[in-house]
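There are 2 protein chains.
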Amino acid sequence: MEQIPMVFWLIPIASVCALFMAWFFFRSMMKADEGTPRMIEIAGYIRHGAMAYLKQQYKVVLIVFVILAIIFAIMAYGFNAQNPWVPFAFLTGGFFSGLAGFFGMKTATYASARTANAARHSLDHGLKIAFRSGAVMGLVVVGLGLLDIAVWFLVLNHFYNGDSSSLIIVTTTMLTFGMGASTQALFARVGGGIYTKAADVGADLVGKVEADIPEDDPRNPATIADNVGDNVGDVAGMGADLYESYCGSILSTAALGATAFAASAGDMQMRAVIAPMLIAAVGVFLSLLGIFMVRTKEGATMKDLLRALGLGTNTAAVLIALATFAILYLLQIENWLGVSFSVISGLLAGVIIGQSTEYYTSQTYKPTKSISEASKTGAATVIIKGIGTGMISTCIPVLTISVAIMLSYLCANGFDMSMSAQSIQTGLYGIGIAAVGMLSTLGITLATDAYGPIADNAGGNAEMSNLGEEVRERTDSLDALGNTTAATGKGFAIGSAALTALALLASYIEEIKIAMHRVGTMMTNVAGDAIDASNATIPDFMNYFQVNLMNPKVLVGAFVGAMAAFLFCGLTMGAVGRAAAKMVEEVRRQFREIKGILEGTGTPDYGRCVEISTLSAQQEMIIPSILAIIIPIIVGVVLGVAGVLGLLVGGLAAGFTLAVFMANAGGSWDNAKKYVEEGNFGGKGSACHKATIVGDTVGDPFKDTSGPSLNILIKLMSMVSIVMAGLTVAMS
Amino acid sequence: MEQIPMVFWLIPIASVCALFMAWFFFRSMMKADEGTPRMIEIAGYIRHGAMAYLKQQYKVVLIVFVILAIIFAIMAYGFNAQNPWVPFAFLTGGFFSGLAGFFGMKTATYASARTANAARHSLDHGLKIAFRSGAVMGLVVVGLGLLDIAVWFLVLNHFYNGDSSSLIIVTTTMLTFGMGASTQALFARVGGGIYTKAADVGADLVGKVEADIPEDDPRNPATIADNVGDNVGDVAGMGADLYESYCGSILSTAALGATAFAASAGDMQMRAVIAPMLIAAVGVFLSLLGIFMVRTKEGATMKDLLRALGLGTNTAAVLIALATFAILYLLQIENWLGVSFSVISGLLAGVIIGQSTEYYTSQTYKPTKSISEASKTGAATVIIKGIGTGMISTCIPVLTISVAIMLSYLCANGFDMSMSAQSIQTGLYGIGIAAVGMLSTLGITLATDAYGPIADNAGGNAEMSNLGEEVRERTDSLDALGNTTAATGKGFAIGSAALTALALLASYIEEIKIAMHRVGTMMTNVAGDAIDASNATIPDFMNYFQVNLMNPKVLVGAFVGAMAAFLFCGLTMGAVGRAAAKMVEEVRRQFREIKGILEGTGTPDYGRCVEISTLSAQQEMIIPSILAIIIPIIVGVVLGVAGVLGLLVGGLAAGFTLAVFMANAGGSWDNAKKYVEEGNFGGKGSACHKATIVGDTVGDPFKDTSGPSLNILIKLMSMVSIVMAGLTVAMS
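Which chain is which? The protein sequence lines are A and B, in order.
Those letters in the first sequence? Residues 702 to 1433, by our numbering.
Those letters in the second sequence? Residues 702 to 1433, by our numbering.
You may find that some hints are simply not true.
Here are the simulated DSS-like cross-link-like pairs (lysine-lysine), alpha carbons at most 25 angstroms apart as the crow flies [to be verified]:
(1) A/Lys1391 x B/Lys909
(2) A/Lys1077 x B/Lys1067
(3) A/Lys909 x B/Lys1375
(4) B/Lys1004 x A/Lys1391
(5) A/Lys1391 x A/Lys1296
(6) A/Lys1077 x B/Lys1077
(7) B/Lys1070 x A/Lys1283
(8) B/Lys1067 x A/Lys1391
(9) B/Lys1004 x A/Lys1283
(10) A/Lys998 x A/Lys732
(11) B/Lys1283 x A/Lys1067
(12) A/Lys732 x A/Lys909
(13) B/Lys909 x B/Lys1391
(14) B/Lys1004 x B/Lys1283
(15) B/Lys1067 x B/Lys1077
(16) A/Lys1283 x B/Lys756
(17) B/Lys1077 x B/Lys756
(18) A/Lys1283 x B/Lys909
(19) B/Lys1077 x A/Lys756
(20) A/Lys1077 x B/Lys1283
(21) B/Lys1296 x A/Lys1391
(22) B/Lys1077 x A/Lys909
(23) A/Lys1375 x A/Lys1067
(24) A/Lys1077 x B/Lys1385
(25) B/Lys1296 x A/Lys1385
(26) A/Lys1070 x B/Lys760
(27) B/Lys1391 x A/Lys1385
(28) B/Lys1070 x A/Lys1077
(29) B/Lys1077 x B/Lys1375
Here's a subset of chain B near chain A, in silico, CB distances under 7 angstroms, partners left out [stated by the list, open to error]:
(30) Phe986
(31) Leu990
(32) Phe1260
(33) Met1274
Read the hints as simulated data drawn from the structure, not as lab findings.
All residues carry an ideal CB built from backbone N, CA and C; glycine is no exception.
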């Protein structure tokens, strides 16, 4: 049995710390006063709706998990086409992801009224409650993620012992627990995304546009569903997405490390495997430090608030950068300095993508202002300008990721472009660990993400409970801050998804080799000699499967991959359209049939709207979800390994670009509307305002449904390919 | 000197026939009466504006051509990094493309009033004049294309004689004359696309929306510019685009044939080289036959008109399919039956993509109807639905192209998936010749494309000249038919661009080998032995440059390629937005300052609007154009051959999908508006109508600027890479 170094225990310790602190923040939030009876009532509606949705979703997910687990079990025990641990790993991955979503959302729904109530006292109180409640989500995600990783690593190491190849089997087996996380994330992101935007678009179209009542007005029957949507889409969906990236990046880097250093002397291989886990573990402590640093004082401007959050996240980021050098040096990783710079390049890429997202979506900069200005010639030019700007905004993120890929590859292998077997392996390890670097401080970055919808809901609660002007001003500043952090959070989620997907792509090759080894299929190396697949280097592999750009299978795979991204987006856009139309009908019906709603004397049937969103989301998420799972399987069976790799690269390149485009276009339309509302180009109620509302409504599914769902697609397609590697090998 | 078979002479004969018939159709059109003085006056304005634009554009293009020719000359004579014929070939390619645009547009601008006048007599008269004038464009394009090909082939064969490698040099040198066509097409498509939509959007926004006057109303100052735009964008732009595809597909297939059959016995190599040219030549005669078959009778319904056009194009397509078997059999091409099926798969793919485009964009089918229906909840849902539907519509074209790629590859090499050197080469030849198949009847398919704007202009002329209700009804049916053919024509243009780009991609490899051979750089083969680059097989090449999907250069190239497509689209969308805004200002100014315009007593300053469109288009096309040329050069220098191939594949997969999305979304918004105008959902003037107008306006740059410009981008990036192969080799 390979000796697990003592330092490994830091990982479960970090996990337990994260979970304990999450519990601590949750408890202290719960102790705060929830406010007036009206506030408690409204929060109750939302909590009830959110939990009802989650329950319904978990039912659907449970069915899918049972089916998939049976398939994996049959593959593993019936056909020997999979490792026997896979069904169990798969289930724990999904279970922990679901648990994280449950805790995160529960906290968020308890926190919103308390944030509004705290804002009655001071801005700092409000910020602290909202942000620390967001931190619960962040800490639960990293805590459960690391726990799952640590436990499986200990268990599997116990069973597989012996030579260095056992560690490869352990890490690639663990990788498949990411499939559970992926599946859970798929439903959380797609279902949650459809839910939230069906409610939002429906509420806006009838409420704001037709009935001319403000956002979050309690007279609007869809307003509770809209607030529920913020929780299920932006808290639970985002959490599941990043849980998947977090685990995926750590696990694939571990697997790449096991292969890259399989032939190294001593326990170098083991150290390379636990290095990404350790960076993540140290990141937990630094995230905690950052969370405690976030505070502000009364009368804080938007800039002060941003600085308060920025101080926390940036301190954590700078410290993890420094800590990485120490960790890798102490672990005595070969070329530790270079690998450290790989981590830095991932961290930096995350920051740059976040900055570029802010530039393209914030109304303080030219791009969004010019979209507002386009409203002078109507809604059509707002859309044209927004789409144009969104497309141009893909440039910086793509170049950043490109540079990060090159740098992390080259730093890790000592700037070796020889494409020798070893240089590729260590280079790929560098790309993986760059993704880990980007995600290492997820504890705090996810806190800033989850903070957004809590502040948004607090604002809704304040509006619906008729709290004073001063309170609403405070919740408005908290909310505005949330919009900015949500935009940068989205950029960050996309960037990390791309790097993670790339690391998974590389791991796919390892899975295929292991699958071939398991069934005894031989491979030929570059020289043409028959070899055991598990001994094949990447050049051998590429040559054997002809994974080059003149192979029509690769080309067709790339075409299908690019198309899959568009198709998936189109389906989710269509889903939001249909679900929103149902909501519009329902709201119109209530306005018509329930007397006195608009006068404030009748009570709208909030529950019916919540139900409609829930049902629509559940129905509409099925086709895109099945598609995302089935496309890589079909391509694998029809076009083999070369086709799958083409699919993944085509899907990744097109999907990443499309995701950035959609997120940024959506974000800038949102803020272009806000810019007009701030009094520019005629302000609220003007023709320009109406034109920007059209942009904002179009942007809703862009930025909150289709765009973020692409993150899942690009990771999930790799994950499915990995899990189905056995099938691909058996069929070819 | 390789013996050129007698049958080769069919190619110049076909070319001369096409040009003669074009002249004949032009003459007979010119003999027709142009109508009332008012009609002649209006046609004069448009002709004048169109020619002024073309003159201005050719000035800019001339400068670019001089600069590029000098660069190529320096590369060829100064650094020996290019074949000495390249500068000349480049210039003739551009010159002939420009000439085709000039003739086509001249004809179109003379034909519109005559079509309107003929429609005063009967529908058949109108159709015949419009269609045969469109045929002038089609025939000039294929005639000049084949002429250029035939002359260069004869000239170069005279200078390079001897072994089989000379034919490789001849064909790859000729390929670079496609660079001239590409450059010309870039400016025609991008400049023309910006021009036409700036005028169209500007005219609509102020005319239809603000002043509430109908389309083509002479009181609208931008109406002449709008009509000019149809000519410069849809006639000249489309013509240049397909001229490039036509020449590019024939030339790259010839080059692929020269390589694939270099080692074959007898003159097999020569026969493989002239096979694509012969198929194209026979296609000319069959196109002529089809053109003569297009006629209809008075009282024809839309269905009859569609059938009339369909009869012509389908007859030509079926006959060329049959003829292909005969040609390849008589040429005794190795595996002639299989290669014939490659051609058929290209032809079929063209038909299927056209049908799918019609399904997704015509208001007779569900997708477009449902976009109309979305107008019940406003403009935002029209946009959401249109984008969703457009994205979903990418599925069939991508799968069709994918199947066509696989089939044409496998048919040509006898279903050999061994990826042996020879099987790849013959497979790639199959892909190239599939593109030739798709484009072989371009004479008539382009005629149906160019017919559209002529009919559109005829309608405009009838409206502005106050011709009777009956006449306008006839021109309306002609115009409606034009909209359908334009949509299918766009699908066809995109599909052929994708296959052509793929063939060019394969040719790029040959160019690199020749460039290495020229400067004496050695390569290693798969076994590791040093060999002369010109003897390298594709597996050698792929191995030497590590063009596999685990090379970070390839991955980064693919990312940048996908981003380039989005960036290019974003820039052209932005350009239309800016140019349209200028137009809006000008029209508003004229309404304000020129007394009596809206009452019909004052004359608008049409010329000023034409000028604005011309200037905006010329300014705005510079940045996207330079980008399209420079990106592959930079990638080549920074990332080398592997990066360029990644770039081309990423750009092709994402660009093709994006182009289909944009063209279909735009087309369906256009027809969703028409569906409402036909009296559905409240008809003209209703709130639903206004909502669909927003969709139509957004769709304008989608379908007529950004979407079609992507065709150019994906071909041009390959072409630039080919021409700059010498530079890439010198730098690496």
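The hints, checked one at a time:
1. A/Lys1391 x B/Lys909: holds (19 angstroms)
2. A/Lys1077 x B/Lys1067: Not OK: lysine 1077 of chain A and lysine 1067 of chain B at ~34 angstroms, beyond 25 angstroms, violated.
3. A/Lys909 x B/Lys1375: violated (29 angstroms)
4. B/Lys1004 x A/Lys1391: violated (41 angstroms)
5. A/Lys1391 x A/Lys1296: This hinted pair is violated, its Cα atoms lying about 28 angstroms apart.
6. A/Lys1077 x B/Lys1077: Judged against 25 angstroms, a Cα distance of about 24 angstroms means the pair holds.
7. B/Lys1070 x A/Lys1283: holds (18 angstroms)
8. B/Lys1067 x A/Lys1391: violated (30 angstroms)
9. B/Lys1004 x A/Lys1283: violated (36 angstroms)
10. A/Lys998 x A/Lys732: Answer holds: lysine 998 of chain A to lysine 732 of chain A is near 22 angstroms, not above 25 angstroms.
11. B/Lys1283 x A/Lys1067: The hint holds at about 19 angstroms.
12. A/Lys732 x A/Lys909: Violated, at roughly 36 angstroms.
13. B/Lys909 x B/Lys1391: Holds, at roughly 10 angstroms.
14. B/Lys1004 x B/Lys1283: violated (40 angstroms)
15. B/Lys1067 x B/Lys1077: Holds: lysine 1067 of chain B and lysine 1077 of chain B sit about 16 angstroms apart, inside 25 angstroms.
16. A/Lys1283 x B/Lys756: violated (54 angstroms)
17. B/Lys1077 x B/Lys756: violated (46 angstroms)
18. A/Lys1283 x B/Lys909: It is violated: about 32 angstroms lies between the C-alpha atoms, which goes past 25 angstroms.
19. B/Lys1077 x A/Lys756: Answer violated: lysine 1077 of chain B to lysine 756 of chain A is near 34 angstroms, above 25 angstroms.
20. A/Lys1077 x B/Lys1283: holds (12 angstroms)
21. B/Lys1296 x A/Lys1391: violated (31 angstroms)
22. B/Lys1077 x A/Lys909: Within the cut-off at roughly 16 angstroms; holds.
23. A/Lys1375 x A/Lys1067: holds (14 angstroms)
24. A/Lys1077 x B/Lys1385: holds (24 angstroms)
25. B/Lys1296 x A/Lys1385: violated (34 angstroms)
26. A/Lys1070 x B/Lys760: Measuring from Cα to Cα gives roughly 36 angstroms; hence the hint is violated.
27. B/Lys1391 x A/Lys1385: holds (22 angstroms)
28. B/Lys1070 x A/Lys1077: violated (30 angstroms)
29. B/Lys1077 x B/Lys1375: holds (15 angstroms)
30. Phe986: For phenylalanine 986 of chain B, the interface hint is violated, since the closest Cβ of chain A sits about 32 angstroms away, which is over 7 angstroms.
31. Leu990: violated (34 angstroms)
32. Phe1260: holds (5 angstroms)
33. Met1274: Result: holds, 3 angstroms to nearest chain A Cβ.
Figure legend: structure checked against the earlier numbered hints; hints not met, in rising order: 2, 3, 4, 5, 8, 9, 12, 14, 16, 17, 18, 19, 21, 25, 26, 28, 30, 31.
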